[in-house]
Structures are given as structure tokens and as C-alpha cells.
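Heads up: take any position in the sequence shown, counting from 1, add 520, and you land on our numbering.
Source of the hints: derived by calculation from the structure; they are not laboratory data.
Being a predicted model, the structure only gives us computed values, none of them experimental.
Hints may contain errors.
Stated by the list, open to error - Listed below are the simulated DSBU-like cross-link pairs for lysine-lysine, each with C-alpha atoms no more than 35 Å apart in a straight line: (1) Lys760 to Lys811; (2) Lys919 to Lys773; (3) Lys771 to Lys735; (4) Lys924 to Lys773; (5) Lys728 to Lys773; (6) Lys811 to Lys828; (7) Lys760 to Lys773; (8) Lys828 to Lys807; (9) Lys735 to Lys767; (10) Lys773 to Lys735; (11) Lys760 to Lys735; (12) Lys924 to Lys938; (13) Lys760 to Lys728; (14) Lys1011 to Lys773; (15) Lys938 to Lys919; (16) Lys771 to Lys728; (17) Lys760 to Lys771.
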Amino acid sequence: MSVHIFGIRHHGPGSARSLCQALDALQPDIVLVEGPPDAQAALPLLVHSQMRPPVALLVYAPDNPQQAVYYPFAVFSPEWQAIRYGLQQQIPVRFMDLPQAHRFALSQAAESEESKQQETEVQETEAVDAAGATHPPAYRTDPLSLLAQAAGYGDGERWWEHLVEQRQDSTELFAAILAAMTVLRTEVKEEVAWADPLEAYREAYMRKTLREAQKGGFERIAVVCGAWHAPALAQMPPAKEDNALLKGLPKCKVEATWVPWTYGHLLMSSGYGAGIESPGWYHHLWKQGEKRQKDNSTANSSIRWMTKVARLLRSQDLDASSASVIEAVRLAETLAALRDLPLPGLSELNEATQTVLCFGDALPMRLIHRQLIVGERLGQVPDETPMVPLQQDLQRQQKRLRLKPEANERLLDLDLRKPGDRERSHLLHRLTLLNLPWGQPQSAGNTKGTFRESWRMQWQPEFAVRLIEAGIWGNTIEIAATARTCDRANKADLPILTQLIDQTLLAELPQAINHLMNRLQSEAALASDITHLMSALPPLVNVVRYGTVRQFETEVIGHVVEGLITRICIGLPVAAASLDDEAAATLYSLIISVHGAIGLLQNAEALTMWQGVLAQMADQQGLHGLLSGRCCRLLFEAGVFQAEDTARRLGLALSTAAEPAQAATWIEGFLSGSGLLLLHNPALWQVLDHWVAGLPADTFIALLPLLRRTFSTFPAPERRQMGERVRQGNENPQVLVPAGEFDCDRADAVLPLVAQLLGLSL
521 MSVHIFGIRH HGPGSARSLC QALDALQPDI VLVEGPPDAQ AALPLLVHSQ
571 MRPPVALLVY APDNPQQAVY YPFAVFSPEW QAIRYGLQQQ IPVRFMDLPQ
621 AHRFALSQAA ESEESKQQET EVQETEAVDA AGATHPPAYR TDPLSLLAQA
671 AGYGDGERWW EHLVEQRQDS TELFAAILAA MTVLRTEVKE EVAWADPLEA
721 YREAYMRKTL REAQKGGFER IAVVCGAWHA PALAQMPPAK EDNALLKGLP
771 KCKVEATWVP WTYGHLLMSS GYGAGIESPG WYHHLWKQGE KRQKDNSTAN
821 SSIRWMTKVA RLLRSQDLDA SSASVIEAVR LAETLAALRD LPLPGLSELN
871 EATQTVLCFG DALPMRLIHR QLIVGERLGQ VPDETPMVPL QQDLQRQQKR
921 LRLKPEANER LLDLDLRKPG DRERSHLLHR LTLLNLPWGQ PQSAGNTKGT
971 FRESWRMQWQ PEFAVRLIEA GIWGNTIEIA ATARTCDRAN KADLPILTQL
1021 IDQTLLAELP QAINHLMNRL QSEAALASDI THLMSALPPL VNVVRYGTVR
1071 QFETEVIGHV VEGLITRICI GLPVAAASLD DEAAATLYSL IISVHGAIGL
1121 LQNAEALTMW QGVLAQMADQ QGLHGLLSGR CCRLLFEAGV FQAEDTARRL
1171 GLALSTAAEP AQAATWIEGF LSGSGLLLLH NPALWQVLDH WVAGLPADTF
1221 IALLPLLRRT FSTFPAPERR QMGERVRQGN ENPQVLVPAG EFDCDRADAV
1271 LPLVAQLLGL SL
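Take the sequences, apply the hints, and build the full model.
What follows is the structure, given as C-alpha cells:
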């Protein structure tokens, strides 16, 4: 009986290649792999024809889906290759790490203890930092850094890549790794090895699994684990010590499944805690190794990498000639030689790429990093794969509502008066709240009602990953969307809350709406910024006014709206005093939007209160001209100010006692957006004409940009009519036709033709 321990680096292509060669030479009769035994039943799917890495094993607690952990695998992961080898050779393959059933239970038990100690730990940490204590040495978080420093490397990552991942042979590799890790663990044992009790549990369980395999009569046992754990399995303590350590560990129910993964997600530490920086580069190294082995060649991977880079740059219309590729490869090889490296690594290739192909520009390197160094590969799992609860719920709703996921883009029109379409709308809005924009809302075109929606539908492969990530919020789409919305509401200010309310109402999430209403009332009561209150009002008024199509209960929102209007009316005059031009412009836009919202609300009491505030501001001393002019305009259009009164106010604003700049801003606020007011009110025209004509030349030139900015907002036909009016001077352009000269018989003869043009019947 023999035990062969292969210490590997998770997601390391060199380790994976060396491991494959070692397994072929050993021909083991069982393979033990560092991984969760809870997922043992999911292993056979790994060799399914539909399985395409990168994928991940998801282990989660059904009673608490927020407790979940991912074990990602790529084609270049040693664990992936070891499991495939065992399944293809039809020999037993077993996971040997501490089950997540124990780890989840330990985590739950530790939460209460951690919460009790948190305040004390924070205080102690602050005291240590205040005393000027240094941070823990690097080798406590990266033990390989000690070996790297001894070899002259700056970090353990680069040392391992050049020494292990890029080597071409595997002779005595794993024996050397075991020896190095044994020495390293001996040196830093007090600092690192048992700092975390969980590590002791894990290694004890690994040894327990190994002993069970030995008792099972297997002759050649292959153990594939992280290099750090290899010495703990090579020199095992008595079994009774491990059994005593593992005795009485708490346990909870867990489930496991396969999920699609991406190379971008491999950047994050998850599961094995082995996030990597360049999965796309590692994929390239693995494929080149396969090609060399298949063709029995010694092809240079640097040349093929630079060729990929050149193709990518050319696809973006950037220059990348063949000669530049050759020069870049030569430069990378020269850098490797200067640094005493056997082959160029990713650092050397990146430096050569930026220098030769990118002409020193760092911007194209971002593209190369995203599409090549990291990669945009998305995995695939078989149809028979067990799904997480959130996926199951979405699939049920897709079938029930007849919403089939499609890769091709299509338009979906919904009539919200129909129950089926309304439920489809709810689902799409809920997915949007979960950051799953399966459908993008589109304009309803010329439709003026609120009972129609248009969506641009396209299912993206990465939505499968986002759906798994959203599983932390709940087991169903409705529960998950509610939980995530409530969480966002707890961190949102008043304007963001109103947007969330609008989205949540469209998604019909009653519990989230109640939470948002409470948050909105609290924020509105505490908010001191009047602009936040004014920004929050229009979306809520839209809900109150048009919410009946979706059968919303808008009474609670109506009370919030009434409170906001009251607070706005009380605080606006004070908030509007003594503003500079920029602040006045911001408040100007908000006044217009609030005025439209209150008019839309059709509440006589609120409208009267609002108009009273506008009248107060129209006569308020020291108010910015932009605001007082707009208040006067709004009241004139509402019929509160008559033409004579408005002309009088315009005259006062443009009197010789007023500052010319203040007068110009008053005109801008009064006239901006439409000049018909001047064209149809001769009295206002005369007041403005006399003011302009009486300006001194220097003052007129100084105010001309302001006046031009105001009149430029008018439509071209209005400006043309004003030009004609100015050219006519003070002459009255209206020509009155005496009643006796009107020929009724001739007018009657035209009526049939007019009726035909208008589609009317006489």
C-alpha cells in the first residue's frame, strides 16, 4: 500500500499538467481530492458531454440560502483534471475536505460570539493602531512569500508561477513541493499553521478520509490537495487525536449543485480561497501545453500569446503589424533573460506589449486585460444539473407565463389590463431589482395611457451567475427582490428612495413597499434639504395619479405626498433666499417639476397652498430674478395674475431702480421656453420694448448674452414673429374687418370642403 501526495496550487496550469503526468505514471486505484464531501453526489456530472468549464460547485444551506460557498473549477484546475481522470478511469473519486455541513454550523455558532466580542476587538485594534504598531508580516497571509524572498522574488505568486506553473517537466516536482512546504510550515508554525482552528479541523478530516481509504484496501492512493496541506497528510498523528478533535462538531443540512462560472469570477477568492489574477493567461498556458503534447512540438507560447494580442488590437482598428509582434516577442524574451528567467512570464509580455504594440499607451492594455488576461469565457452545466431554489422558481414562472429565454433580441408588448401581461411585467421588474435586466423597458411610442409597456428582451448567459448570486436574498424571485430592495432602502437617501418606490410598485412587492413607505416618512421628516423633498415629489405624484391601472393601494402614498407638499410650501421661501446663479438654476428646475406634479395631482387644497407660496416668492425681496420671474409666469398661466397685474410686475422688475443683471435674469425666468406670451400680450411687449430701448449702450452690450440665451430657447417660428413685430415698431399689426364686409354666402360655400378635409359630416 502506498500513498502519493500531490501538493498543488489551485487553478494552476503547471500544477495541473504535472499532476496529469504523475497520475498517468502512477495509475492509482483511488483519487482523494481536496473538496467538500457534501458535493460527492454531483461529481458524475463533471464528465457529462454538456459540461463546459469554468463551472463551480455551489454548496448551500437550504434553510438559510445566504449561507453558501462556491468551489470554482477551470479546465486548468488540477482538481478538475484529477476528478476527470478518476471518472474516466472508472476508479473511486472522493472529496476529503471538512464538510460544509460542519463549517456552516460552526459559522452559525461563532456569529453570536463574534458579535459579543466585536466592540472589544474594535477598541483593541484602535488602541494598537494608535500606539503605532505595525501590521502583521506578509508571510502570515502569504506563507510562500518567505520562499519567494529567499529565491529573490518580490512575491510568492510570481515565484510559484515561474518555478512551477511554467515548467515543462514534472520530474520530482511534487517531492520538492512537499519538502519545501514541510520546511516552511516548521518555520512559521507558531505564526500561521494553527492560527485558525478551522484549519486544524480541515486537516484532521483530510487525514480521517485518508485513513478510511487505507482501511478500504486500496493499494495506490493519490491525494490531491493544496501544497500548504501536503505536510499535514504526509506525517499523520495518531488517529485518536484527530477523532477527538472532530468529535461533537455541529452539523446542518446542506445541498450542492453545479452552476456556470466565468473567468471574471475566478478573480475573487471563493471556496478554496484561491482567487487568481489572470485566468485567461492560465487558460492560454494550459492549451499551449496540450498542443505541445499532442503535436510533440516545442512551440513558443509567447509567440502565440502576442499573436492573440495583435488580433485583438486589429479588431479594434489599432495598428499591430507582424513585424511589431516579432519585436514584442524578442523584447519579452530579452527581459526574461535579463531577469534570469527561463521563459517570459505575463509581466514581461505585458511590458513588451505596452512598449511595442501600444506605443507606451496604457489604455489599450485595459482592453487586453479584460478580454485576454482575464477572459470572457462563460461555462455551461448539463440540463440534468440540480438547480438552486431561485433558479427553480424562475424556471417555473417562465413556463407558467410563457416567457422563454432567448439569445436573440426581440420586443415584447404588454397590456397591463390583462392579468397575464401584468404578471409578466411584475416578473421583469422584479428581476431588474435583482440586477437581472432580462428585459430593458422601452418607450411606448405614441401611446399616452399607462396600461401598455414595451420591453426589449434578450437573455444573456451571465444571468445564470447573477441568479445564483441573487440567491442570498431568498428562495423565490418575489422574496429575493423584496429582501434586496429593503436592503437598498436602508442605505438610500430621499431621492433614491422615491426611485425605488416607483420601481417597487411596478414590481408589486407589498412588503418592500411598506418598508419603503416607512423609510420615506422617516427620511422626509428628518431631511433638511428642500431640494431633496422637491425631487422626491414628482415620482410619488405619478404613482398616486396613475397607479390605479396596476391596482395599487395609493392611500398611504397620498398621505406622504400631502406631507411633502406641506413641508415644501413651508420651507421653500426661506431656502430660495440669497442663492447664487448655479443654485438658483437648480431650484428653478425643481419649481417647474413640482408645479407640474401638483397640477397633475388635482388637489384643490394643495394647489391653493402652492400658488400662495409662488405669489409670496414673486414679491419676495432679494429673491433671485430667475425664480421670481418664473413664479410670476406660472401664476399668470394659472390665471391667478391678470395681464394688467403681470405687466405691472414686469414694469417694476425692469424699472430704472432695478439692477440690469437682476432684470435680465427676471426676464429669463419669466420668458424662458416660450415667447408666445409676448406675442399675444401687447402690454407686456410694450413694457419690454421700452426697457430695452432705454438701456445705455454699455449696459445693453453687457446684458446681450443673457437676453440672447433667453430668446434662444424660443422656437424658430416665434423668433421670426418677434422679428417682424420689432420691424413694424409700435404699429398695431392687427387689422380689424368690419362686420358688414363679411360675406356669409361665400363662407358657406367653403364649409363642405373644410368638412371633407376634417372628416366631418354637415
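Results of checking the hints against the structure:
1. Of the supplied pair hints, the one linking Lys760 and Lys811 is violated, its CA atoms being roughly 48 Å apart against a limit of 35 Å.
2. For a cut-off of 35 Å, the pair hint linking Lys919 to Lys773 stands: about 30 Å separates their Cα positions.
3. The straight-line distance between the Cα atoms of Lys771 and Lys735 is roughly 25 Å, inside the 35 Å bound, and the hint therefore holds.
4. Of the pairs offered as hints, the one joining Lys924 and Lys773 holds, with about 33 Å between alpha carbons and a cut-off of 35 Å not exceeded.
5. Straight-line distance between C-alpha atoms of Lys728 and Lys773 comes to about 21 Å, which keeps the hinted pair within the 35 Å bound.
6. Taking the CA atoms of Lys811 and Lys828, the gap is near 16 Å; set against the 35 Å cutoff, the hint holds.
7. Only pairs whose Cα atoms come within 35 Å are accepted, and Lys760 paired with Lys773 is accepted, the gap being roughly 26 Å.
8. In summary, the hint linking Lys828 to Lys807 is supported, as the alpha carbons are separated by about 13 Å, within the 35 Å threshold.
9. For the given pair, Lys735 sits about 20 Å from Lys767 by alpha-carbon distance, which is consistent with the 35 Å threshold.
10. Straight-line distance between C-alpha atoms of Lys773 and Lys735 comes to about 28 Å, which keeps the hinted pair within the 35 Å bound.
11. A distance of roughly 15 Å separates the Cα atoms of Lys760 and Lys735; the hinted pair therefore holds under the 35 Å criterion.
12. About 19 Å separates the Cα atoms of Lys924 and Lys938, which keeps this hinted pair within 35 Å; it holds.
13. The straight-line distance between the Cα atoms of Lys760 and Lys728 is roughly 10 Å, inside the 35 Å bound, and the hint therefore holds.
14. The hinted pair formed by Lys1011 and Lys773 meets the criterion: a straight-line CA distance of about 33 Å does not exceed 35 Å.
15. With a C-alpha separation of about 18 Å, the suggested pairing of Lys938 with Lys919 holds against the 35 Å cut-off.
16. Annotation: proposed proximity of Lys771 to Lys728 holds, straight-line Cα distance about 17 Å (limit 35 Å).
17. The hinted pair formed by Lys760 and Lys771 meets the criterion: a straight-line CA distance of about 21 Å does not exceed 35 Å.
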